[in-house]
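Given next are the chains, with one letter for each unit.
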Amino acid sequence: MLRLSRCYSLASIKFVQNQSTVFRPEYALKCGLEIHTQLKTRNKLFSQSTNSATPLLDTPNSHTSFYDIALPGTQPELNWEAVLFAMKLSLALDSQVNTISQFDRKHYFYGDQPQGYQVTQHYRPFARGGKINLSKELDGIDELSKDISILQLQIEQDTGKSHYTNADKDVVTLVDLNRSNVPLIELVTNPDFSDIKQVRAFIKKYQNLVRHLHISSGDLETGAMRVDVNLSINEFARVELKNLPNTSSIINAIKYEYQRQVGLISKGETSSLMESETRGWTGSSTVKLRSKETTIDYRYMPDPELPYINLAADVISGVKGIMPQLPDDIMKMLMQKPFELSLKDAKILTYNSNQNDMYDHEALRSYYLKTFHEFSKLVDEHSSAKLPTNWIIHEFLGDLNKLRIPLSKAQKILPPVVFAEFLKLLHAETISPTSSKLLLFHILETFKQSKCQDLSIPDFPRLIKEFELHAIDNVDSQELIGLCNDIIVEHTDDAFVRNLVSGKKKTSLKFLIGQGMRRSQGRIKPSEFEKQFKEILNIQW
Amino acid sequence: MFNGIRLCRIPVANGLSRICSHRLASTGRVEIGKKFENMDQIRDYLSEHVWSVHEYLGTNLGEENLELPPVDFVKRLLRLSGLPLEGADIEGIQMRLAKQLSFINRMHNIPVAGKESMKEYDARLVQRETAQLSYENLLEAIACQEQDAEIGEVSGSWKATELAAESKNGYFVVKEGLLKNRK
Chain A
1237 MLRLSRCYSL ASIKFVQNQS TVFRPEYALK CGLEIHTQLK TRNKLFSQST
1287 NSATPLLDTP NSHTSFYDIA LPGTQPELNW EAVLFAMKLS LALDSQVNTI
1337 SQFDRKHYFY GDQPQGYQVT QHYRPFARGG KINLSKELDG IDELSKDISI
1387 LQLQIEQDTG KSHYTNADKD VVTLVDLNRS NVPLIELVTN PDFSDIKQVR
1437 AFIKKYQNLV RHLHISSGDL ETGAMRVDVN LSINEFARVE LKNLPNTSSI
1487 INAIKYEYQR QVGLISKGET SSLMESETRG WTGSSTVKLR SKETTIDYRY
1537 MPDPELPYIN LAADVISGVK GIMPQLPDDI MKMLMQKPFE LSLKDAKILT
1587 YNSNQNDMYD HEALRSYYLK TFHEFSKLVD EHSSAKLPTN WIIHEFLGDL
1637 NKLRIPLSKA QKILPPVVFA EFLKLLHAET ISPTSSKLLL FHILETFKQS
1687 KCQDLSIPDF PRLIKEFELH AIDNVDSQEL IGLCNDIIVE HTDDAFVRNL
1737 VSGKKKTSLK FLIGQGMRRS QGRIKPSEFE KQFKEILNIQ W
Chain B
70 MFNGIRLCRI PVANGLSRIC SHRLASTGRV EIGKKFENMD QIRDYLSEHV
120 WSVHEYLGTN LGEENLELPP VDFVKRLLRL SGLPLEGADI EGIQMRLAKQ
170 LSFINRMHNI PVAGKESMKE YDARLVQRET AQLSYENLLE AIACQEQDAE
220 IGEVSGSWKA TELAAESKNG YFVVKEGLLK NRK
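Sequences listed follow chains A and B, in order.
Numbering of the first sequence is given in this note's numbering, commencing with residue 1237 and proceeding in unit increments.
Numbering of the second sequence is given in this note's numbering, commencing with residue 70 and proceeding in unit increments.
It is possible that part of the hints are untrue.
Claimed, not checked - Pairwise CB distance ranges, derived in the manner of DEER restraints:
#, chain 1, residue 1, chain 2, residue 2, range
1, A, Y1359, B, S203, 21 to 27 Å
2, A, N1402, B, N107, 51 to 57 Å
3, B, V119, A, R1278, 54 to 60 Å
The hints are simulated quantities; they were obtained by calculation from the structure and are not laboratory data.
Beta carbons: idealized from backbone N, C-alpha and C, even for Gly.
So here's chain B without its partners, still in its complex pose (with noise of 0.2 Å):
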């Protein structure tokens, strides 16, 4: 099921395209498709439907027959999250975990060719099957490690906690409620 996954290169200014198409560089079995030219040709690659959730989700599952989690266990989730208790929509949740649950039980049960062969490990979005590295490859990646500014890892290249709401001297802030005291 992962074999459709075509990922493309972006040419936005903000750098994070860059990650895409360094990163599956590396991986070596993911396909790069050809580079978009504008925005519309993004928006109609991603409005062009492969495969419908209602596929996988059965359109005849109506939310009546969904199987919801108990309340305590919802209660569990927000608690191991770190959101909040209260004024939470518990019922709303319910629903959205069933239907979650069911996508994912039906995801289970697709039948994947060669699943007997497969090893546990192999399962990852990246490619199937890891490459052996020998020890020449090992000291060829070690030494053509290299820093890029594009993606904020040159030191000092640009100021992280411009992103964030608050900072406070170059840190960043985190009210103290969310460290402590949770509910």
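This is chain A alone, in the form it adopts within the complex (with noise of 0.2 Å):
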């Protein structure tokens, strides 16, 4: 209690962002969360300008129609691809979609809403209710299962940028309209977070759905997913955090906050916890941006230019037929037999990290899907499952990265029923796992010199035989005991030797195998080394 009342009390003393936060059950943490996600249909919401996909790229005020800058005498019309995308969404969350919903105006005044109001869904939003549910098994919480609700989602419009410079002494705002009118869906979660590991792993996984349901990049660091985060400790008025560019500011904004609070509350000095305040995120603390006594009166008013939606039960029934699989069954099917997949694993072939441009996590998916099928038919034992999960997300997967080859030109030398025949070659142990690889990559690397221009199928057997890759079954057994007898007196001492024959360090034998198929271009078994190592040294273990 004294270390975190001191650090906050001393105002000159920075808060270091990866000092581990004490929660403490008395001091109970209470979040709730308000995210406002960009969605990425073709036009503007209400207007038919580009929605740009690479906004900071683009030129300033370049997609920008007369609405979108508020030129007197334009009307709005709706964009109905949002609404298509906020169904997606609601029927994602399991929202109840109001079928009736209705647009209104939100006044105030800033340079980059030119309207001086923005239009949103204040007295009926898109769709109310719904939960996102958080597992110990899936997301890493402490809980075993947990529910965080969804108050509500509603469609509106985003304002425009401004950039802050100082040109000349003189302090001028310089605004791009390019992002005015660009639809969003503000998303408000019930004050459900009780942790900093729950906020984490909903943000991942709202992230990931809205990418998984193609209606957003969810991408944080442009600003196409912003996250506002309520908190409270202790039933005390709630503190408004904004200004949070990224999930690292987020949590140690959170963090930072409780610390406050938590000062404040056991210094018994919490008249300024009494009313609700907005606080901004520094980079290294909180500050107070408004209070109640400032709270702006936006005057609501429905927009009497728009039409409400009213949608036939139909829309309802029609989005739901054409809605993916969503990420946690995907998750569940993965990690069951027969694939039986790792978390890890699982979660490459399911979540979308935007991060690697050589294959995205559907089509890959997809890829390792039917290979599996067809290595299934091939082999028929359900054994051999770690295969295809191993040799296509770890070693393919690495050679594409390495040789800069997109999965879906690989596809077309390697379609999943030919890479289930080279997982067959393995599984006969026609080949061993180190010609194995080398093999893989002299495919794709041959593929990668005709510049991905040489669709030709290899031919295993002969590629095998041409570079004498296949695995020795009958190994001369003199010429066995000659390469370990070698090896041994290259890489092992008097005490290497004690170590290992006492079975002191097991793990030298790994290392001895290790060189025996160095030497052997994996061609000989590893069973064979070992087997041979053990009868030389006279290992008894």
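Using the hints, build the complex out of the two chains.
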């Protein structure tokens, strides 16, 4: 406690971001999130101007219709694609869609808000309720399972972007309205979060969900997803945290604010916590932006120019019919028989990290499932489930990244049915894993050298023969003894042998086997080496 | 009271006229009149008295009888609107607001047929009742969306900042005083 209060009470001491934060049960944290998600519709919300996917590269004010910059006389017309996207998200969150929802004006003045109001959904939001389930198994939270309930989802328009400059000592704001009128969904959760892990897991899960549904890039860094946090401790008034550009800012701001409030409560200085306020994140501390006295009166009113949305029941059933399988269901499927993937591998096939330009997780998952299916037809053994996993997710992907070959191109010479044939050779021990690695890399490298133009399917038997990669079934025993003796002479000393034979350092045997595999270029099986080394050194364990 | 609204297509060159017809076509129930041929026809149309402000304001209601909004209320509205308090004609604004409020109050008291069965979300300047949209309609509406260069929807088809008194490197310029330290 002393440490916590001192940490905040001395204003000059900066909060150390990686400091472990102790969340104590007597100071119960209660958090809710407000997430704005930019929809990647082709066009903007109330005009048909381009909703650019590359906002950082665009010429300012180049995607602006008369309506977007609020020229007098212009009127809004709803982009129905935003409604379709909102419907997809609502269904994925199990929210109750309001078949009648309406748009309302939220008035405030700001340079990047040319209309003087934002069109949002205040009185009748698009959907209410719903939840995201977090679990210990899939999301790594402390509880076995926890539902974070959704208060509501609303469609609204984004503002333009302000760039603050200090030109010729005269401070001006440069305004780019390319983002003005881009469709957003605002999602508000109930204050169900009680620790940081849950917040982190929720953001990751929600981010993946919007990417999975192809309704948003979900990137925090570009502002396509923006998160505000509502936080309170022990039922004191809630504090809203804004300006949180990435996950680490969100987490660090919550930690800082928790410690700040615990510090105040423990010293009995709770007067400032009796009324709600809005605070911003500077990167190292939270600072007060406004309190209740300066709360803006938004003067909400129904937008008189926009008809309300009136959806027939078949819209809900129709969109349900085109919904993809949801990430949690995919994860569970992949982690169960027959696939039995680890959590990490299942996530690679399910979560879109937006970080790899050689493949996307959906194409990779499809490739994996098809190859698995083809391979199962060839070997008909459940015990071989790990082969497709290891060889596609680890070896194949590793090679694609190393050689910079997109999966879409590599698939042309190694379609699932061909990759399954390759796996069959491994399964039958026609080639050893080491030789297989060499062969796979060689095939892909040759393909790359042809500038991905030579689309001939690899002839595995011919290549194995050409490079003498086939595993040696009948190893010449004298040759093997000679090879093992050479390795022992070159790589061991008395102490090494003593520790190995006594069983004190059993792992040394693996080192010797590794040397043998290297010398034989993987063509002699590890078990042959193990047997021979044990015999020569008289290892009894 | 909205039934009398009649909106017309105006063939002027700046593209805004297209919005009127375009938007109205989508709303379905608002009448689109005959096309105007020249500016005189437009002037004649606009000068035609359909109703009088006095009808609603009441000619017998002199300015001296209007209930003026309090000074603090006016100042608060100015702050909300981002307008300067310094040098503001508070008395003039009080009077204008009082007239507007009187007008709105009278509008509220005008009998409207079918008011009892009316839903508040039907209260729109555009059509009162919005037809239900089926799944098929929704997909069609999405597929039919097209950009219109005449209203600036095609990227780069016009320079938005050319309309501004001040711009810099393609950005609109807002003086900081408008955004911060407002009184």
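Non-conforming hints, listed in increasing numerical order: 3
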